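Chains E and H supply the protein sequences, listed in that same order. Each residue of the first sequence is one higher than the one before, starting from 21 at the first, in the numbering used here. Each residue of the second sequence is one higher than the one before, starting from 61 at the first, in the numbering used here.
Don't take each hint at face value.
[What the hints assert, rightly or not] Beta-carbon label-pair distances, calculated as ranges:
id, chain 1, residue 1, chain 2, residue 2, range
1, H, N132, E, S71, 14 to 22 Å
2, E, H41, H, T204, 18 to 26 Å
3, H, Q151, E, G108, 30 to 38 Å
4, H, L78, E, N53, 17 to 25 Å
5, E, R112, H, D158, 38 to 46 Å
6, E, K104, H, S131, 30 to 38 Å
[Said to hold, decoys possible] Distance condition first, Cα-Cα at most 20 Å in a straight line; then the derived DMTMM-like pairs of lysine to aspartate or glutamate:
id, chain 1, residue 1, chain 2, residue 2
7, E, K115, H, E162
8, H, K157, H, D172
9, H, K99, E, D91
10, E, K56, E, D91
11, H, K168, H, D129
12, H, K175, E, E54
13, H, K68, E, E109
14, H, K99, E, E82
15, H, K99, H, D79
16, E, K30, H, E121
If you are wondering where the hints come from, they were derived from the structure by calculation, not from laboratory data. Predicted, not measured: the structure shown is a model, and the values here were computed from it. Where is the CB? At the ideal position from N, CA and C, for every residue including glycine.
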Amino acid sequence: MPLPRFADDKLRITKERVWIHRNEVVDAIETFNENKLEFFSYTYKVMIEGSWVPVVRFDNWEIGSHYDKYDENGSLVTQQQCPKRTFGEVARLAKEFRRNLVTMDISEL
Amino acid sequence: MLVEIEKKHRPKDIQNELDNLKSKHGTAEKLHQKVMRDKCGNPSSVDDHMIWKAIATQNCEFVEKITVDSSNIFGDLTPKRLELLEHIRTQDVRSIKDLAHELERNYKNVYDDLKALEDWGLVSLPRRGKDKKPISHVESLTVTFHR
Chain E
21 MPLPRFADDK LRITKERVWI HRNEVVDAIE TFNENKLEFF SYTYKVMIEG
71 SWVPVVRFDN WEIGSHYDKY DENGSLVTQQ QCPKRTFGEV ARLAKEFRRN
121 LVTMDISEL
Chain H
61 MLVEIEKKHR PKDIQNELDN LKSKHGTAEK LHQKVMRDKC GNPSSVDDHM
111 IWKAIATQNC EFVEKITVDS SNIFGDLTPK RLELLEHIRT QDVRSIKDLA
161 HELERNYKNV YDDLKALEDW GLVSLPRRGK DKKPISHVES LTVTFHR
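Let's have the full structure, built from the sequences with the hints guiding it.
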């Protein structure tokens, strides 16, 4: 699901949301400098009592490419480094495995 | 069926986004301290921090896209709601009350319609003082049929 590219831009930010189910989404934030991806986050979230709660997130914040898993309260429970995934790959994983992702060994997928 | 909703932010939209972040977090410095303290324990703050950092830069392009892989959304996209979306996109509406007045519609019906659109992420309703300012996240809506 590529977003349009701008020929002469320096800094670009894209914000995307893919609906997986009525109460489940994958949100993506990507920032590009000179067309080079600098920051990414792809977060699978579920709606619990009116709030979006993260379940699994892939990003490169601080420690390079890794994934985080959260409990039902949105508290971080696991963090592990892994190869970079694309937004399309994360959306596909979320569509296929949905909430089971939290109990799966994601690094093997 | 794939429904894609896209918006390329104009300078006015970027200012709205900045105002939104300010009312949510105070200052960029406060948010920076928060994300350095909480790190990945607070992912939405990390995202807000990265958005703020990017859009505070001059000439930053900001594109937003929502994809719905289902026709469920059409149940919520009534003609009146599409009219609301178009109006918010083309006019600078200050509050829900002003919007209801401009469209000569009942306040509660407009509020309910905005909440339904907010549920899909098509509008946001950040607080501005005593009021909530309706902001559209839609510029174009494309329907693609799978083979």
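Contradicted hints - numbers only | 7, 10, 11, 12, 13, 15
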